[in-house]
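S.K.: Sequence order for the protein chains is A and B. Heads up: the first sequence is residues 252 to 590, going by my numbering. Heads up: the second sequence is residues 61 to 296, going by my numbering.
Since the hints were made in silico from the structure, they are not lab data. Quick caveat, the model's predicted, so the values are computed rather than measured. C-beta atoms are modelled at their ideal positions from N, C-alpha and C, and glycine is treated no differently. Take the hints with a grain of salt, since some may be wrong.
[Stated by the list, open to error] Away from chain B, derived, C-beta distances all over 10 Å, residues of chain A:
1. W277
2. L413
3. K415
[Unchecked claim] With a Cα cut of at most 30 Å, we get these calculated DSSO-like pairs of lysine-lysine:
4. K415(A) - K399(A)
5. K184(B) - K584(A)
6. K585(A) - K114(B)
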Amino acid sequence: MSESTQVSDRTTAREQAPARPAATRWRWAAAAALLAAAVYAPFQLVPFHVFQLTMVLIYAVALLGLNLLVGHAGQISLGHGAFFAVGAYTAAILLDRWDAPYPLTLPAAALVAFVLGLAFGVPAMRLRGLYLALVTLAIAIFLVPLLKRFEEVTGGSMGLSLAKPAPPAWSGLAEDQWLYFLALAVTVAAFLLAASLLRSRVGRALHAVRDDEAAAEVMGVRPAYYKTLAFAWSAMFAGIAGCLYTWVIGFVSPDSFVVNLSITLLAGLVVGGLGSLSGPVLGALFVMFVPSISQDINEAAPGVIFGLLIIAVMYVAPTGLAGLAGRAANSIKKTLRKG
Amino acid sequence: MSELTVHDLHAGYGGAQVLHGVSLTVGEGEICAILGPNGAGKTTLLRALSGMVKGRGSVRLDGAELLGRPPDALARLGVAHVPEGRGTFTQLTVEENLRLGAYVRRSGVEDDLERIYTYFPALKPRLRQAAGSLSGGEQQMLALGRALMLRPRLLLLDEPSLGLAPLVTRELFHIVRAVNEQERTTVVVVEQNAHLALGVAQQAHVLETGRIVLSGTAADIRADEQVAQSYLGYRV
Ligand SMILES: Nc1ncnc2c1ncn2[C@@H]1O[C@H](COP(=O)(O)OP(=O)(O)O)[C@@H](O)[C@H]1O
Ligand SMILES: [Mg+2]
């Protein structure tokens, strides 16, 4: 009797992650609670806070895409903001020039960003590490002058102003609430899509390339193919986020998409936590709120405070906030089990 | 299942030639052991056979030329390579590792998983565990199991005993032989532990500085005085 208990104890201790069914149940419960809170929140908050939460959702979708590339495929991009801008401008131009219906702009933005991601991904994914970082950074740097150059379609430095999607009468929602729910629906769909992608054969291959490229290759996985695909997907999610941005802000201009955006997104993702689904959400909160908090702390040099905060988080939680949250959840579970 | 014919194979890294004209034949369903000192080019030979390094000469599997094809194409042709150091995908679960082994096939994967568990019962209770948390022996079992998921025609094993306890190593070779007998898989095994390798192989080659210096049946090689001194640690 005591013998068998000992054996099962040892098995539990050896398992790094608890058996999947229990972990899955926890995760679903957490996701359901989060979703319930997300649906409840806009009815409790003032419009400005609802707007801020909407922006968090938008950043979360962008970071979800960046996470596919950085966290799951092990590549780097300093140009993610460019694809965000591509999505935003695709939607804006469709609305401005052709009066396209709003729902149509979303798949269009996703498609354009995906195709551009593929076009840049094919050559970029032959590069590694610093070279890849440099090339993706160049994409972000070239974007702003490019947008200014094609003034007839992009509106040049003046940008484009658009009407935001109006809430339908049946919904009974205010504009900020309606925009929030649009963003929430797209966000949930994007996360479900990414999760199912990662659970599939394709996701396994992606992780294999990240873990050991040579070993993956001798099993028949083509690293270049998956890296390029990851780049295109990451661009696609950035494009979707950019489209939401256009809906919510109702204005695009080159100055909204400077290089800084790309760098902030990458920093946010790393701070949030690579390779998990909660990392992008935590990273989005960081991207949204930390710059304004830094501004409050020191008006003169918010960048310095922002940088110091990143360093502080990475020092306390080297695997990002998601890792920290995971460890906290585990110790709470342990305490509950003991008690 | 398949016959491997290597003829005048030259291979290396960039400018550095490592293999200088290696020729050997492994009969259908045979196990061939490659012995040799460190740096002889044993790993490079296996890499050339699985397309990980480029080579000149000829490598044929049942008559079809393998040289010049990329690794993923060779995997599709049924060449499974268990690399030096095992190549475990440490952050994936044991089951995900096994499923990746069958990446190039889509049918019969569930049946094959069951087949792997009969060879490696120790893996079954660990399926949901991160592969990086396995012991060295278990990881080597996983690497072999993963290679078998390909249903290989040619199985390449690079120093499977490296860093493992003797008991584990013996069990591993036992499984290699069982697989070879039941599935008629042609096997090329590189090994420092010549005792074990010669115990399962029908024939063996000794590789030194990129050239085969001695070939013969496992029994011949075992009886060779030079080999006995260098690799088996005793005089005949
Ligand atoms: N990736 C590599 N790049 C350059 N040279 C290498 C590489 N791998 C091995 N070599 C060289 O090739 C030679 C043979 O190595 P290897 O095939 O690993 O020998 P073995 O497996 O018999 O110990 C050695 O001189 C080694 O330094
Ligand atoms: Mg070697």
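S.K.: List in ascending order the numbers of the hints, as given earlier, that are violated by the structure.
M.R.: Hint 6 contradicted; others consistent.
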